[in-house]
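Engineer: Chain by chain, the residues run as shown.
2 protein chains.
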Amino acid sequence: MTADIDAAPLSETAPARRGRRRRGGSAGPELFPQKPFRQPRHIFKPLEAVSADQLEAIHDASMRVLEEIGIDFLHEDAKTMLKAAGADVAPDGDRVRMDRAMVAELIAKAPGEFTMRARNRAHDLHVGGDAIAFSCVASAPNAVDRDRGRRPGNQEDFRDFLKLAQFFNIIHCVMGYPVEPVDLHASIRHLDCVADMARMTDKVFHIYSLGRERNLDGLEIARIANALSVEDFVNTPCVATVINTSSPLRLDTPMLQGLIEMAKAGQVSIVTPFTLAGAMAPVTVAGALTLQNAEALAGIAFAQIIRPGAPVVYGGFTSNVDMKSGAPAFGTPEYMKSAIVGGQLARRYNLPYRSSGVCAANTVDYQAALETTLSHWGAITGGGNIIKHAAGWLEGGLSAGFEKFITDVDLLQMLAEYMTPLDVSEEALALDAIRDVGPGGHFFGTQHTQDRYKDAFYAPIVSDWRNHETWVETGSPTAYDKANRLYKKALEAYEAPALDPAIDEEITAFVEKRKAEGGAPTDF
Amino acid sequence: MTADIDAAPLSETAPARRGRRRRGGSAGPELFPQKPFRQPRHIFKPLEAVSADQLEAIHDASMRVLEEIGIDFLHEDAKTMLKAAGADVAPDGDRVRMDRAMVAELIAKAPGEFTMRARNRAHDLHVGGDAIAFSCVASAPNAVDRDRGRRPGNQEDFRDFLKLAQFFNIIHCVMGYPVEPVDLHASIRHLDCVADMARMTDKVFHIYSLGRERNLDGLEIARIANALSVEDFVNTPCVATVINTSSPLRLDTPMLQGLIEMAKAGQVSIVTPFTLAGAMAPVTVAGALTLQNAEALAGIAFAQIIRPGAPVVYGGFTSNVDMKSGAPAFGTPEYMKSAIVGGQLARRYNLPYRSSGVCAANTVDYQAALETTLSHWGAITGGGNIIKHAAGWLEGGLSAGFEKFITDVDLLQMLAEYMTPLDVSEEALALDAIRDVGPGGHFFGTQHTQDRYKDAFYAPIVSDWRNHETWVETGSPTAYDKANRLYKKALEAYEAPALDPAIDEEITAFVEKRKAEGGAPTDF
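Chains as they are written, first to last, in my numbering: chain C, 756 to 1279; chain Z, 756 to 1279.
There's no promise every hint is true.
As the list claims (entries may be wrong) - Under the rule of at most 20 Å between Cα atoms (straight-line distance), these lysine to aspartate or glutamate pairs were calculated in the DMTMM-like manner:
#, chain 1, residue 1, chain 2, residue 2
1, Z, K800, C, D808
2, Z, K1079, C, D808
3, Z, K800, C, E1224
What the hints assert, rightly or not - To give an idea of the interface, some chain Z residues facing chain C are shown, with a C-beta separation under 10 Å as derived from the structure:
#, residue
4, A816
5, R850
6, R872
7, S1001
8, G1021
Calculated from the structure, these hints are not laboratory results.
Glycine included, each C-beta is placed from N, C-alpha and C at the ideal position.
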């Protein structure tokens, strides 16, 4: 699927040659038996944590927030557009109030589901409906692995995470920089990073809304990478941004610039309030959800003013803080319930739903798996469509971990398998095999088993099912130990996806031109 | 709630005096902020992994197993009773075939839900309906903690696990010996162990079906502990046994003796086939579930012949093996789906449903939490009523772990909190607080937060939410490290529950008498 343009053979024992594109050799399929790229589908009915009446109460409270309290929009053009669309804009301030009829009318224009084009069309991403997409950790300021410890993000780590995101088919998109490469100057960082995402992966990716120029640059690289004309691009969603509100009740200038440019370009905004109950949001889960809903719908409604039908995603990221320290917590019971109600709200508005697979753990231990798995429990049973941060997230997002990436991939592959419909055919019911084996027998050697055993069950990449004695003989390795070995193998097995040399050159030319112009202005 | 009869004060710093009953001192509430004993309730609609038609296909296939293939009942009296009830019993063998009308008629006699009496009535256990009960690990041949390593089970470890099971309110019952104390001779082990369960805990407990005498002894100790007359005992479920079929298609002699004695005594049988797909069951999940269903219903139908209305539980324990080694795997995608379909089947027959919280991990690492949490995902979203092995299970049940017990307690407490209904009252929606704080403010200091912050969120006992720097300064502890410290504190904080001295003496007298008689006969 991913033919190389200048591939060199790689043996499993030969050291990886950094920067050189290569085939995966045997390490890939052997250590990482992967299924082909395929988005899991929700086969279970989403759970409901609140009744229909209670859902309406949250809706009603958030409508009252928009009607009576309002949201500060820190952008003159945005206010002008909102006023023209019928909003009540404070004459000498930023406060914008919208009545519920206006909000309902606007959000009804947003598509309930849509497809995002990837430059490898086999990796096109369906967003919404019963489709699920897992994305890797994003926006971590630090990278960590056991050998090299925790360090500020840098380009090498950034690129290594991109390799993992590309290598594992269970990672369906790259919704943000896995780690922030602070060794690249902020004025040109977005150019190098987005070019890397476009080249080193062939999956749908994300650009940050950190000022209008960066959005425009990112959009242009996405357009070039997808070989789309300017005209086609605006009708072909292929790149996304996350719009985080500044909770409570504020949409700041860069985010509004992002919303405007993305919507104008027909591209995807994932509007996600980061409503931490007890800090930037009320201490009650219902109150935090009320705020989340008001803020998310404000952003989504505004996107529909800019361009009716602009593809958007309802983002839920309500969690709670540790009331002793103020630190954000993830994968908590409150998080799970918030994720489920978030899904109920998104479905009420017929919008795709974004949630996350996250934890507060400092290392790859029981806590890391517990919190990460519980956050997926909330996200997936809640009907999540895009599950962000699903591989590699540690420390409440302050670190992207290489070992954690691998252990999480195992989790994600298991979840995908869990969502594969059960075969209940006559053959699967196995009545004849049960009859043949009879009481006291066993099924190891039967034809029914022989015909199926190779693919009957999910084979984990990290979990160690060996017995205690064998496990002790090999040094009692933990999942962390095993993942430490495996992430390096996965990096070795990475293959750069094919890219038309003309597109490659066009990206290079664009990046060089924009660098020569100084990139995006900064204060430093 | 648990006044001590010979309590001595315990300071948090004083070393625990083994064998001496004591109050918990401050260590308990400080390190382990517990909610009172309360069974969680299913607030979510159970998930369905197969359609109604597919469920009927599994039902139909399992009825054909019972009708056409049959089950071996290795017990003469059982066969006589089955024949008298209308079953087709092979004249010169053990094979028993039942038609579906007979099975349906019998299982319809079983109660859909019931309450089990505990000797502390505050710990009465509701079984079935929307009630959930967590039980600790059971039947492990080995105990393990980090300091002392893995060793064959012994009485001290057995008693220490009982202390933990009693101390933590989230453990609702003790469904089996947490670890097998092999230092006690098998002829009298059940007497000492059941007496310990009756004395050291005041929760509903379990007796093993390992021969008629052991059932009768266990029943008598349960009767004495609950201060019930022989007449009242038979109408008061207060003790349970697990009946494991010998898959495929066999119920062996001790299990049938157990079923008979428990049903005759009006006590609870949890009929649980251990149907490992690919080993003792077909390699397909649907086939393994067909076998599970046939075997479980055979045992349950037989219990209803012995005593119509005998309290029973439908047990599901279908998982898969590692096809490379034959080792059982737990918390796999196949396990999750099996647990969910198991719940669909139990509800089809209006029976309480038993599932498990289990893993194959050798230590308390990412894998342990991942598999354990995924097995709960299946068990709880599947509508499980009794969740066995939910604290301390390691290595596919070959070890009971002290640290694992503590990390699992944190998980269970989180799950209980997850199943607490969300407060969506006017006050919880927090519209006034949102109005007061306004854009750009924060909620830390508001009255709305001040009034609620103490109990707003679940406070974990193991999970470490400190920031990276503080965490590193204190030695980068993992959850395993923290649990290693905490299990000892919990053992110190244990208080023996109050027991009427007359009952205590009666238990002693019974145990002494039976020991003098030689206990239960053994071959060695």
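Engineer: Now, for every hint given, state plainly whether the structure supports it.
Structural biologist: Results for each hint:
{"no.": "1", "hint": "Z/K800 - C/D808", "verdict": "holds, 17 Å"}
{"no.": "2", "hint": "Z/K1079 - C/D808", "verdict": "violated, 52 Å"}
{"no.": "3", "hint": "Z/K800 - C/E1224", "verdict": "violated, 42 Å"}
{"no.": "4", "hint": "A816", "verdict": "holds, 4 Å"}
{"no.": "5", "hint": "R850", "verdict": "holds, 7 Å"}
{"no.": "6", "hint": "R872", "verdict": "violated, 30 Å"}
{"no.": "7", "hint": "S1001", "verdict": "holds, 7 Å"}
{"no.": "8", "hint": "G1021", "verdict": "violated, 30 Å"}
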